[in-house]
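> Spelled out from the first residue to the last, the chains are:
Number of protein chains: 2
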Amino acid sequence: LEFFMEHYKLAFIGFGNVGQALARLLQSKEYELKEKYNITFSITAIATGNHGQAIDPNGIDVVDALRTAKHDGDFSSLSRSPAPANTLSLIRTCKADVLFENSPVNYKTGQPAVKHIRTALECGMHALTANKGPVVHAYHQLTALADKQRKKFYFESTVMDGAPIFALFRSALPAANVHTIKGVLNSTTNMILTQMEGGESFDDAVAYCQKIGIAETDPSGDVDGWDAAIKLSALITVLMGIPTKPTQIQREGIRDITLDKIATAKAKGMRWKLVCTARREGMSVHARVAPEMVGPESPLYTLTGTTSIAQFETNVLGMLSIIESDPSPQTTAYGLLADLLNAISGK
Amino acid sequence: LEFFMEHYKLAFIGFGNVGQALARLLQSKEYELKEKYNITFSITAIATGNHGQAIDPNGIDVVDALRTAKHDGDFSSLSRSPAPANTLSLIRTCKADVLFENSPVNYKTGQPAVKHIRTALECGMHALTANKGPVVHAYHQLTALADKQRKKFYFESTVMDGAPIFALFRSALPAANVHTIKGVLNSTTNMILTQMEGGESFDDAVAYCQKIGIAETDPSGDVDGWDAAIKLSALITVLMGIPTKPTQIQREGIRDITLDKIATAKAKGMRWKLVCTARREGMSVHARVAPEMVGPESPLYTLTGTTSIAQFETNVLGMLSIIESDPSPQTTAYGLLADLLNAISGK
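Chains S and B, in that order, are what the protein sequence lines are. When the count follows the working numbering, it moves up by one through the first sequence with no breaks and lands on 735 for the last residue. When the count follows the working numbering, it moves up by one through the second sequence with no breaks and lands on 735 for the last residue.
Simulated from the structure, these hints should not be mistaken for laboratory data. It is possible that some hints are incorrect.
Copies of the same chain look alike in the list, so a pair counts if it works inside one copy or between any two.
Derived DSS-like pairs (lysine-lysine); straight-line CA-CA distance at most 27 Å [to be verified]:
| hint | residue 1 | residue 2 |
| --- | --- | --- |
| 1 | Lys-417 | Lys-656 |
| 2 | Lys-417 | Lys-458 |
| 3 | Lys-503 | Lys-599 |
| 4 | Lys-536 | Lys-422 |
| 5 | Lys-536 | Lys-424 |
| 6 | Lys-458 | Lys-649 |
| 7 | Lys-397 | Lys-424 |
| 8 | Lys-633 | Lys-503 |
| 9 | Lys-496 | Lys-633 |
| 10 | Lys-599 | Lys-649 |
| 11 | Lys-424 | Lys-656 |
| 12 | Lys-397 | Lys-422 |
Generate the whole structure from the sequences, applying the supplied hints.
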């Protein structure tokens, strides 16, 4: 059966939590991918932000790469070819079949990820990313380029980690037009609110989230609603077809939600949630991110910790809600693996 | 552009609520199907249980068919060809491209729907159904036959109406193995329990469901858990790959849920739900349908009326929950339309 196997050369741009989780997931699924999908793979290029780059046409050893990342080592020590001048020339020279773009998100411009993805598509690779920037800043251009190249630009992990939202509408809900979107899309603020319901101060709750690795040193991206807004922008851009940037969304974070407000809600049997809402009206959309009190009649009430939800109203079904419980870097990595398998099977 | 159009001849077995809703949906989507999917269609055969059959190679007028159904008329009056002796010969002679099998469910054997679908696949048609019988009684055989014929046997509407459950796992969640399934899958019992929470007796709640058209004259299929059990069987059979029949599922309906029990639950801030559960253990599965008390921390608590939920634990994500609010014959019809579009696009 060996001659039915397809071999895929993979390039990784960014090798942080998500890139490493993907490498581990690919490794653990190696046998299953061979058995069930008739594919084998090798990682032929890795570009990191601060720890150099590696190219090896014969495949970089995954264990070596993970060990190097763990010890903040220099990836150029793993390189069998001379290291290219920069990430774009790495993409151009590595001859990979698939690019995984997992560099840090840039809310304002989507760069340099947009350039990375454009270059990869121009070189005939599928471009798969967990980075929200390119989706809100260049979805239509990159998708048109991908179509022209007969390749895929997929980004399942950008919203709700590995939960299949974009694939759902792409492959399972044909002829469905999305009218409204509602969701709790930022896990960190939801965890902060859950901790505050348990009596912790806002600062302590933020510190807790930093400790468990779900909040940045500067928590502004989460607590001021930027992450929720960029995810809502991505959903609107792709599912409603209306290009939308996070700055176009009315946005209020959770800094004004005091322990007093939480106690008042609790007394009414309710909870505060950072809610994303978008309603299509003709060719425009009204969208906002803001704290709302929700009661136990809403599935939003049940979301504690890092659990998230997206609800969709379409012209073909009643409201459809998707809840993802307990995401992790592994589930984000799964979203990228699903993108890979869907891209190569044309789904 | 006319020469890129693909024309599909459709045969309907069963023309009750679901068949009629599908005919109306197809009619209302005619322009969109042409514009966005480059397909046109005609209904070339309709077989009913008690009102005769019609065949017309040039297409039966949809308005005529709906009017005939509304007035309990005889479909043979719409036939341009001599009516075949029975449904199987209608399938063999109608030369359709797609069969929609929507005859009444037979919990025990799946017949005659299994025969209808087998015959359609043998004749080179896609076979699409909202009938649960063939799924639990012949999924593996019919799918193998469909694969051999390079056609599709799809049945999205059998569980949670039009909500995409089977397509989700088929097209959006590659390499995911389902470990556990939990759900509230029967709308009628959920509506009965909701009405009883409002103070109605069991009998009045059943009568209400009969009045709004969601319960049969003999409500046993719903209240004794048969419908929930066959839906759970379908999920286990397809998503876990373990052939399972409703009689193999430990089953308890809602007849023992008294107003007293409901009041006791309410006093605790809880609700009774008819819960389906399946847990895979190796190559076997433990499955049951039984009433359970659930609290506001569970999304099951929020399901009132006809809203339903399915929750899946897999090896690749945390728990994934799908909620469908307010289903109707239109949403069931949408599931069949989605099956059609997915079948012809190979998804």
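> All the hints need checking, so say for each whether the structure fits it.
Verification of the supplied hints:
1. Lys-417 x Lys-656: neither (48 Å within a copy, 45 Å between copies)
2. Lys-417 x Lys-458: Within one copy only: 21 Å inside, 55 Å across.
3. Lys-503 x Lys-599: Intra 33 Å, inter 61 Å, cutoff 27 Å: neither.
4. Lys-536 x Lys-422: between (29 Å within a copy, 23 Å between copies)
5. Lys-536 x Lys-424: between (29 Å within a copy, 18 Å between copies)
6. Lys-458 x Lys-649: Classified as neither; 42 Å inside a copy, 56 Å across copies.
7. Lys-397 x Lys-424: Only inside one copy: Lys-397 and Lys-424 sit 19 Å apart there, 35 Å across copies, limit 27 Å.
8. Lys-633 x Lys-503: within (18 Å within a copy, 54 Å between copies)
9. Lys-496 x Lys-633: Answer is within; shortest intra-copy Cα gap is 9 Å, inter-copy 55 Å.
10. Lys-599 x Lys-649: within (25 Å within a copy, 45 Å between copies)
11. Lys-424 x Lys-656: For Lys-424 and Lys-656, neither the intra-copy (52 Å) nor the inter-copy (48 Å) Cα distance is at most 27 Å.
12. Lys-397 x Lys-422: within (14 Å within a copy, 39 Å between copies)
Hint violations for this structure: numbers 1, 3, 6 and 11, all remaining hints satisfied.
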